[in-house]
Amino acid sequence: MTVRGQVTLSWRLRLLVVTVLGMGALGILLGSLRLLSITRQARGVLQQEVPAIELLLNIDRDAYQAQYALERSLLASGPEEREEQLADFRENAQQTGERWEQYKALVPGSDAERAQWEIY
Numbered sequence: 001m002t003v004r005g006q007v008t009l010s011w012r013l014r015l016l017v018v019t020v021l022g023m024g025a026l027g028i029l030l031g032s033l034r035l036l037s038i039t040r041q042a043r044g045v046l047q048q049e050v051p052a053i054e055l056l057l058n059i060d061r062d063a064y065q066a067q068y069a070l071e072r073s074l075l076a077s078g079p080e081e082r083e084e085q086l087a088d089f090r091e092n093a094q095q096t097g098e099r100w101e102q103y104k105a106l107v108p109g110s111d112a113e114r115a116q117w118e119i120y
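Anchor point for the sequence shown: position 69 equals 69 in my numbering, and the numbering is continuous, going up by one each time.
Some hints could be false.
Mimicking SDA-like on lysine to any residue, the simulated pairs with C-alpha atoms at most 20 Å apart in a straight line are [stated by the list, open to error]:
1. 104 to 50
2. 104 to 92
3. 104 to 58
4. 104 to 57
5. 104 to 94
6. 104 to 62
7. 104 to 63
Just so you know, the hints here were simulated from the structure itself, not pulled from any lab data.
Please model the complete structure; the sequences and the hints are all you need to start from.
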């Protein structure tokens, strides 16, 4: 006699249900592990990229304000207003430079990549 003939229908169904449940549990386990991995990667991106993006936005804003102050100084009607606009330009240009240095310090990468940043 074969093994198949010895196993009753109820045992075959039980074995099938246990197999399906085992595969489902394995799928849930693998899915949970992958979800934990994705969560760790997302936290890493948030901790590294968000500060860099925030600095870039501040650099852009300061550069725009510096450019605007410089343009306003050219259109100033009096020497006091012109000097005030130039002071705003200098302040924003300095902030742009300081924040750019902070951003370069945050940028990960190889020495070759950092050498490219030294140009700016």
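Hints not upheld, ascending by number: none
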